[in-house]
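Number of protein chains: 2
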Amino acid sequence: PPSAGRLPAKVPPNLQLRSAKRLLVSQLFQPFNLQVGEEAGWEGRAGEPACRSQKLMLQGGLVYPSVPGCYYYLPPAVRAMEKLVKVVDGEMQAVGGQKLNMPSLSSAGLWRASGRWDRMGPELLRLVDRHDKAYCLAPTHEEVVTELVAAQSNLSYKQLPLRLYQVTRKFRDEPKPRFGLLRSREFYMKDMYTFDASEEAARQTYDLVCDAYRSLFDRLGLPFVKVQAATGSIGGTMSHEFQLPADVGEDRLLLCPDGHFAANVEMLNGERTSCPTCGEKLTQTKGIEVGHTFYLGTKYSSVFNAVFYSAKNKPQLAEMGCYGLGITRILAASIEVLSTEDSIRWPSLIAPYQLCLIPPKRGSKEEEEGVTLLERVYDDLTEALPHLTGDLVVDDRTQLTIGKRLKDANKLGYPYVVIAGKRVCEDPPVFEVWNQNAGEVLFLTKEGIIELLSKVQVP
Amino acid sequence: PPSAGRLPAKVPPNLQLRSAKRLLVSQLFQPFNLQVGEEAGWEGRAGEPACRSQKLMLQGGLVYPSVPGCYYYLPPAVRAMEKLVKVVDGEMQAVGGQKLNMPSLSSAGLWRASGRWDRMGPELLRLVDRHDKAYCLAPTHEEVVTELVAAQSNLSYKQLPLRLYQVTRKFRDEPKPRFGLLRSREFYMKDMYTFDASEEAARQTYDLVCDAYRSLFDRLGLPFVKVQAATGSIGGTMSHEFQLPADVGEDRLLLCPDGHFAANVEMLNGERTSCPTCGEKLTQTKGIEVGHTFYLGTKYSSVFNAVFYSAKNKPQLAEMGCYGLGITRILAASIEVLSTEDSIRWPSLIAPYQLCLIPPKRGSKEEEEGVTLLERVYDDLTEALPHLTGDLVVDDRTQLTIGKRLKDANKLGYPYVVIAGKRVCEDPPVFEVWNQNAGEVLFLTKEGIIELLSKVQVP
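Order-wise, the sequence lines are chains F and A.
Note that the first sequence covers residues 11 to 469 in the working numbering.
Note that the second sequence covers residues 11 to 469 in the working numbering.
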């Protein structure tokens, strides 16, 4: 029997789907959806090598190539990125992080002061403005943030530690941009800069931020290793990388199987084959760098005179650290390490959408009943679990079989898929529910679905 | 009597304030806070004229000047901006907007194809990469988005309208950057691009997006006028601006007092003094442009061949529109039009923090009792109204008088200020509550405060 508020029964079922504010696959801007049956130019620009995440992200309509090393982030990728940023914000604010936002245009003078205008070489994108003043597009903000803090007169030791961070677009003119979002020329990075009153305090900050990174990757369900790393052009006296082991990774790591030692080979002098602590044979693996921490000491604070006033009211250089997370790189790296050859798997917390609902095929005998029941599942879910509004999508391409749409849903990596199949005609109606990350299929009533999804977290 | 969970009475009261995860003014990175008693270089760079919002935003530690026309957005400004973006997202998604994110590096070829590589002149920031390829930093994305849509083969009329938008950093080499965030060289803009199957449909989209802009400014409580405007370098056949009347505005507007006519003088040929509809004398006012809409027709779709397939399966050029909102400019313009000479007033919905709590002065006889009670207000508020967590700040600078801190809170524009004054010793304890936007002072119990704040909306 038609429920209250439903449209009259004469309206075709898939027009009913469109009548309410429900998200419909047919209306989503996803090249995947637009080019059914085609493999949309996933090999990228001519000659560019592809990896699994690049292929899957192009195929699935998450990104689209623009100029070399630059991508359009399409709507599902933006959703995933915004969720990831919320999770990162939570972790950063839990360790006292305060979010700011610094300019991309960075004066040559600032970079000359630190010596990096020359040292960074062709990785720095440079330009002049209408007055012929020289700038670079900042790939990182040590100089810029230190100038800000140096400008605050009367900064007291009582106000330290200062832990400032941003999530912004960065620029780096990579010699070989490749692997999609894994190595691009424009990318989003979370960069935190910390200012402490003593070396001891700065080391506590360092450990605290490393713990926040651990917590982040644990919550995302990403297997990572923390390795000793070279300080490179950033500088400082201690550095670690957070790496996701993956064949496509560009870093080579040496790991002690018992966890006593882990390092990026680039920081080792010569060959090392056994663990310096326990003597075990080290194993080698490749990794994708997703986070990088640096203990900077006074390298930048001394250049820009970033001082605070001590308890004795003496000016003293701040002890600094900097801490990066590759936001867009984490999206791609997650897909790289979690997915199968042809199906995206997301960390549940940041999947663009949590649930895809698949109504019966047009003209099938379950059509009428199935569409009505699925609408009710959608509406009751958003009522019972309002935080999931926006995370539910109906695949209304009812000209396609359920099987074809399930295959697409599989490819795109919705954590849950609910199908109105033959058993919707039972009393009570039963739906087929795919829990993708658990790898199981359940048969549940509407109430069972609500119960199952009540455990889903969105940031 | 000390409540359960409080620290032992021997701990100094303002250490108690620090013991829990409460936001404390003394720990916030606000130059305002850091430079008590100083007016932190608000006049900006040498010779740059200042306006009210620029002065207040610099004084209040919302922004700090970097290279000319570029600003650090400091933590409270980032909070306000993130709230504004949420409100904008809601309005855009309510009209079917899908959010994407396009690169800043934009190839010269694309801009040459549209003719804007030359036409934009020195406003375009240009650079070459390591391979000597020429790019600009996109100030707007008509070319870039049209190329994306043109690349989607098989786009069907059934998938239209497409309403794609982004909120990203834009670059424009202004000849005279000034007035802080009102005219800067780096800024955040929301830009939507729409693709329709017919002129009629495109005009419906145009009206719909204009209505969304009205709704946005109404929700922010900002008085605006929608005026006819010139199409400028963007082009197209129809354009409107959303303007906030203000003396510092750089646009001159002619308005019919009865609302029959409103236009930017730049789009009128010669002088016009009376309304073309009703003959009333037009009044002139200055305005800050905060939104701009363009009906583009096929100006860009014809250049890049952005076609869809009609019901008869014929390729047809999409009818386009584009729609901008100056995100960072809206922040400054809001402050410009709502504030007094020396006190920031925010649209309530996007105030960085909703409430400032002021405990008694150190050493006063209310200190012990007041701190304890204020802690309870803070904790009970976050429990009863969890969506306000993060919106409450304690001004723990208890070395300062209540009066001094109230003055600061006034300047910074918290919509609500709760003071633990002499009446906290009454039974039940009574707090002094300033409702800044209503311009009233109330005396309320803790329960009264929770009741009052239960009406506060955060996006």
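These are computed hints drawn from the structure, not numbers from a lab.
Honestly, I wouldn't trust all of these hints.
Copies of the same chain look alike in the list, so a pair counts if it works inside one copy or between any two.
As the list claims (entries may be wrong) - Straight-line C-alpha distance at most 20 Å; calculated EDC-like pairs for lysine to aspartate or glutamate:
1) K109 x E92
2) K322 x D390
3) K421 x E376
4) K186 x D142
5) K371 x D142
6) K417 x E442
7) K291 x D99
8) K143 x E442
9) K375 x E457
10) K456 x E376
11) K309 x D389
12) K31 x D221
How the hints compare with the structure:
no. : hint        : verdict
1   : K109 x E92  : both (15 Å within a copy, 11 Å between copies)
2   : K322 x D390 : neither (63 Å within a copy, 39 Å between copies)
3   : K421 x E376 : neither (25 Å within a copy, 64 Å between copies)
4   : K186 x D142 : between (29 Å within a copy, 15 Å between copies)
5   : K371 x D142 : neither (63 Å within a copy, 53 Å between copies)
6   : K417 x E442 : within (14 Å within a copy, 62 Å between copies)
7   : K291 x D99  : neither (39 Å within a copy, 54 Å between copies)
8   : K143 x E442 : neither (63 Å within a copy, 53 Å between copies)
9   : K375 x E457 : neither (24 Å within a copy, 58 Å between copies)
10  : K456 x E376 : within (17 Å within a copy, 57 Å between copies)
11  : K309 x D389 : neither (57 Å within a copy, 41 Å between copies)
12  : K31 x D221  : between (42 Å within a copy, 18 Å between copies)
When each numbered hint is compared with the structure, violations occur for hints 2, 3, 5, 7, 8, 9 and 11.
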